[in-house]
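Undergrad: For reference, the chains in residue letters:
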Amino acid sequence: MKCLRFLLSIVAGAFFLCVATPASLAQCHQPTTIAISYTWPPNNLVAVHEGSVPTVPLTTAMNNWNAGLYSTFDCYPSFALDSGTAGRDIFMSYAPLPPPPQCRPGFICFTRGVTDLQNAKFLSGRLSSVNITINSAVNANDVVMKPDIPANRLLAGLEVRLQDFQNLSPLIFLRVGSVNHRICVRDHFDHVLTIRTANPDPGMTRKGFELLEVESE
Amino acid sequence: MFKWLPHSKRLLWLFVFLALPCIVFAFSGQTQKDREKARDTALRPSHHSGLPVVGELVRQPEPPEEHARRQLKEQWYRQTTSLREIKDPGQLVDGEMETVNLRFIDTMEVRESTAPQSTAPRGLPVWLSAVVIGSILNGEAFVDEVRTGVYTDYKVKIVQILKDSTATLYVGSQVVASRAEGAVHFPSGHTTNYLIEGMGLPQVGSEYVLFLSPIPNTPEYEIGTGYELKNGRVYALDDENGSANNMDQTTFIKQVQTYIAQQGGTKP
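Residue numbers (my numbering), protein chains in the order written: chain A, -13 to 203; chain B, 2 to 269.
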């Protein structure tokens, strides 16, 4: 009798492995992810090749990232002009980009930049090099501030001004920095500003991605 | 053989040997399923997107009238979208016959202090010319004639009209609505999926609330955004409108109608 019970349990186990397991796993909820291959590996210094993008705002953007998000929140990677970890490069270009086609009445819409992975290269399953186009028509006067938001407002004690970020459409490339399987995006700062400012009208919202989850390594 | 083992142990070994191939089969099946699932996820640019429709790089000849209309549409797309070079990458890219060319577009909007502003949220663009409920009958992907863009034309059967500023739509009619995404099958045999992160593609056979914008000088439309209607719930085509996901369909449609009425649009 014992033996029969034992055998039946083996048969049941084998059946479960053959049939039930794949089916049940297939029903698992798929988390909100983007492929980790679209992010930079941690602990890398990515070389930013400025192309025709103005050097000053680009350098400021990188410095702000390195000093703020990278140092404070471990949002990898860090960036440097024209030098970095071998095989980790961002090639920037500066060109007019059309605005998004659907814009609300009463708003002006801009495309700040486009990151196209068509010519991107990947190394060990992570980004190795990518081309990023920044809209040459977007400048500080167009997109930055309403005068009622102090230009020097500090963000969450980071000592990084929102203006430093918003002046800098090159920040598009920061979308692909990752930390703890999350993408560190500038949206954090917009959000922080919106809830910290005393002005109920933040004047500006952004359209694009929310905080993106990146699939696990 | 195995006669030195007691009877029960012999049976045990027999079952172990029988179960082993089953286990291997189960795990290999699982790996295959994982791979298919990963492919499926990679090919959907948004969470509730359909899969891209695959078109050929080399176009079939079409009647002159249709060709002229397509040229107008492509000209408009070239002016309103960032161009990208569409070229055959050869049969294999990193050993794969199919790849995804994902594009990230970073946009923002600035409120104009003087202009009258819409009360409708960005996710419900009722200010666009047409808002309809429609079923997606089929889709066809095209490469721009000068090979700087890809778009997919969806044939939509109008089920209900919520707004129509163009006064050209009627229930039961079919219109073409497109999105600047799609997949291309190249002569080498390689397929590239040209997608925009967060911007979904309608699923053929499904029903949607579609916010449509007319393409100038053509009877066709561009899909501003959309919401799939499924089992009495709505699911946003574009990720940025994901807050509406799982909302009750009737409540959602009423909300859209209210915004349309506030906007001064028709509410048939």
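Accuracy of the hints is not assured; some may be wrong.
As the list claims (entries may be wrong) - Pairs of lysine to any residue residues, derived as SDA-like cross-links and limited to a Cα-Cα distance of at most 25 Å, are as follows:
no., chain 1, residue 1, chain 2, residue 2
1, B, Lys38, B, Glu75
2, B, Lys38, B, Thr192
3, B, Lys88, A, Asp68
4, A, Lys107, B, Ala121
5, B, Lys38, A, Asp68
6, A, Lys107, A, Asp68
Note that these hints are calculated values from the structure, not bench results.
Undergrad: Next, verify each hint and record whether it holds.
TA: Results for each hint:
For the hint linking lysine 38 of chain B to glutamate 75 of chain B, the alpha-carbon distance of about 33 Å lies beyond 25 Å, and the restraint is violated. Note on lysine 38 of chain B and threonine 192 of chain B: the hinted pairing holds, with a Cα-Cα distance of about 18 Å set against a maximum of 25 Å. Distance restraint check for lysine 88 of chain B and aspartate 68 of chain A: the Cα-Cα separation of roughly 29 Å exceeds the 25 Å cut-off, and the hinted pair is therefore not satisfied. About 41 Å separates the Cα atoms of lysine 107 of chain A and alanine 121 of chain B, which puts this hinted pair outside 25 Å; it is violated.
A C-alpha spacing of about 39 Å is found between lysine 38 of chain B and aspartate 68 of chain A, which places the hinted pair above 25 Å, so the restraint is violated. For the hint pairing lysine 107 of chain A with aspartate 68 of chain A, the CA-to-CA distance comes to about 17 Å; that is within 25 Å, so the pair holds.
The structure shown violates the earlier hints numbered 1, 3, 4 and 5.
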